[in-house]
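Can you build the whole structure from these sequences, using the hints too?
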Amino acid sequence: MAATILKEDGAYHSFCGLTCIGWLYQKIKDSFFLVLGTHTCAHLLQNVLGVMVFARPRFGVALIEEADLSKPQPDLAALIDEIVADHHPSVIFLLSSCTPEVMKVEFEGLARSLSRPDLPVLFVPASGLEYTFSQAEDSVLQALLPFCPMAAPDDRRVVFLGSVNDAIADDFRVEATRLGIPVAGFLPDNHFSALPPIGPATIVAPLQPYLAKVAGRLARERGATVLSSLFPFGPDGTRAFWEDLAAALGIAVDLRERERQAWERLEPHLAILRGKRVLFTADNLMELPLARFLKNAGCTVLECSSPYINRKFHARELAALDGVRIVEQPDFDRQVHDIDLLQPDLVISNLATTNPLVGRGVVAKWSTEFSFMPIHGWSGAATLAGMFTRPLQRHRRLDPLAHDPVWLAGMMS
Amino acid sequence: MRLALWMYQGTAHHGVGRIANSMRGVHAVFHAPQGDDYVNPIFTMLERTPDFPRMTTSIVSGRDLAQGTVRLPETLRKVEARLHPDVIIVCASCSTILLQEDLERIARSATTRAEVLVYDANPYRMQEIRAADGLFDLLARRYARAQSLTPAPSVNILGPASLGFHNRSDLICLRRMLATLGVQVNAVAPLGASVGDLERLPAAWATIAPYRELGQGAARWLEEQFGVPALTDAPIGVQPTLGWLGRLVETLNDVGARNERRQAPLQMPPLTAFSLDGISAPSAVPWFARTADMESYSTKRAFVFGDATHTVGMVKFLHDELGMQLAGAGTYLEHEAAWVAQQLAQYLPQDGAGPQLLVTDVFQHVAQRIAELSPELVCGTQMERHACRKLDLPCMVIAPPTHIENHLLSYRPVLGFDGADALADEIYTTATLGMEKHLIDMFGDAGLEYGAAQGKGGTTEEECAGTNDGAQGAEGEAEHGQVNSSSSHSTAPSPVHPVWSGDALVMLKKVPFFVRGRVQKNVERYATQHGYATITAEILIAAREALGG
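Sequence lines, in order, name chains D and F. Under the working numbering, read the first sequence as residues 1 to 413, first letter to last. Under the working numbering, read the second sequence as residues 1001 to 1549, first letter to last.
Some clues are possibly wrong.
Heads up, simulated DSSO-like pairs for lysine-lysine below, C-alpha to C-alpha not over 27 Å straight-line [what the hints assert, rightly or not]:
id, chain 1, residue 1, chain 2, residue 2
1, D, Lys-276, F, Lys-1509
2, D, Lys-312, D, Lys-213
3, F, Lys-1390, F, Lys-1509
4, D, Lys-27, F, Lys-1510
5, F, Lys-1078, D, Lys-7
6, D, Lys-276, D, Lys-27
7, D, Lys-104, D, Lys-71
8, D, Lys-27, D, Lys-7
9, F, Lys-1078, D, Lys-29
10, D, Lys-29, F, Lys-1509
11, D, Lys-7, D, Lys-213
12, D, Lys-213, D, Lys-104
13, F, Lys-1390, D, Lys-27
14, D, Lys-27, F, Lys-1078
Hints in this document: simulated from the structure, not taken from any laboratory. Here the structure is a predicted model, which means the values were calculated and not measured.
Given below as structure tokens:
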């Protein structure tokens, strides 16, 4: 079933692709992320993800200053030396940004020329002219693809696709073992040297909904089968994910009872969620599966907007959202108008807009938080549900003082 | 080309956004890729603005460039329809400025009723502070109108702005002191100012512009153009505040005499009038500095690093009013270096060439200087706090860039008598805590367990260290885990205390450290309840699933 997707091509608030550094440099522990960019890129990285708590991060900006604008191709060799001396990475990701894109820097060649026999420098397209927030993880994984060993033609195992923390990765390994599903590994894993083998018999199981392009390439270039299922969020998504994955390997499993129990455990959350009207603005590309979980949890999803929707990669989620208003690249002004009109019970919105939406009298929640919480699989279900119920409960507990504008006076100048 | 980690200043467009967000009826439009919209959350998160910040990104995408689409006129019309601003400031970004478009012409084509100003903030030539100050200067020049003075003595307060360092508290403090003197406030700008407020700037008897970073250009222009005298020193500390009040009274009385105002000249009230309780000294610093308690501070050496205003103010305050010693100072504002050096010539230790003032915007160089000097107190920015955490030195933040922890709700001015008290308190608590920590280091843990679960800063560093030296980190954690389980055993004895299998323990280690203890306890309780003697990986997973992570 093909859901209708409205495309507004509007201005929505989100970050550029560079933001993925915030979690990927921690995930891939022997990496360094080098942005070829300007003061703007450095200021962004410093401010948006709270990454400033780290004194010596494994990322940095090769700073384009005025004198560099006239040079045809930037010279980064000395910076690579500095990075090697300080951090000894096994791999350097060279990320593009808006300014060198406009300057038409030839990144592929640049990355190749900087690569050393023991230290590949990999080009990652991430500029805000093309990529939003979580999307650039897709670029990073594509850059890693050539370094995944070729699996034997009969190596029929699963590779989980998408960065998750170690605890979630363990959950998925154990669950796979329980169901008799052989696991080849994770892309990405914690180290550059630990990339999984991928070949024509590999089943690629996407854990994150923002990896459409690398999934497509794994199918085309390695002949791997990309699992088309729900993403493993919530009891509904998790059951579909494992049943479909098992089926892809010729294993029949029935997780109906498991799903029923999982929903039953969520009952305190469901009691709060049932009948609530929820609207997703657009931010981190996790909107479709999150909205689908809420729909199945008894919410009415007024609008599910996302920066990018891929009809093939998101097919099952779109089908599950049949009847829901789905918008790609929404117009934020229109959304604010609708929010004023519809007064949703809960709005999921990005870091820039959440407090102002709360200031307008709706309950709003940071979408960005979903990117950093263990909400995958069976064990993540309660965390996931709690992400939605916590703001609802908190605002219900608070006294109604803030409805009087006097308590907001002066908070804007 | 250099490798940049952290920046002391924001970008030019961030400076523009700060001015727009300070004012009423002014809106900034950035002709920029979507990513440049990141400046928005800095306002909504640090200042927690309950409305949308007064800035909009008019998006330029790769496809727009390929197709020759320019959305700017449409954005301008939308902004006008939605917000009806008086003025819209348009500026390019670091990438779109390279396109060399004629933004004036494009903006004019929008035919908005609001005035549209294209501000040439070249991000390769200016950063946040000069872009903000330059824009404010431009707006003041554009809108200020010649007019007669207010009937009673009044002042403009120029400089407070959105995301300025403790600016709101400073404004409260200045207003309190002015109220005590009986001086009216003609206009405050840019914070809370409208175009109308800018128009009547020349009606003030004098202008107060305490910050080198913002408003002094406009203040000097008002003096040249309209003869409104400018007070451009920052009343940081008790003595500077007394001097500043004296000069303010004198200036206003001069203006009154020159304009043949018949009212009685302003008098300095008794100093107790400035403490709003009406009975005490306006600041406790002069007495506090002389108490025995502060003896130990006379041997403490401080290092001060920040913008121009706060660096100079803090050095003088530490030295002149608390009797501390200076190990060094510096600023990241290169264009203010000469002024800072001149102000601090008598305060800094000399080397052969003169006083040692560090002028750099390279974070690592500042960290290195701090490490070399190893002072007993560092007054710096959020970045120096990081450097000091690593070096285990006490640090307080006295200048931007800031962290959410520097955007507190309570009244914490830097300026005036109240500011002197607030600074002294912070210096005292910052440095004292440092000493206590050293005592702990020296004599053991004082009964405290400084393990992975303690403190905000230390843990972060441990995480970093852990990745460098995995084996050692794992050992430490294992010990920590044993301490935990044995203590939970002793507090809650149970007939079957479950044992962790190797694989489950390995898995447990991967739970983030700050919740690991809780997860461990919950899983053990789950195992006990279900009668499992050994916690395997299977049981750990089952328990986490049952208990919700």
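May I ask which of the numbered hints given earlier this structure violates, with the numbers listed in increasing order? Of the numbered hints, 1, 6, 8, 9, 14 do not hold.
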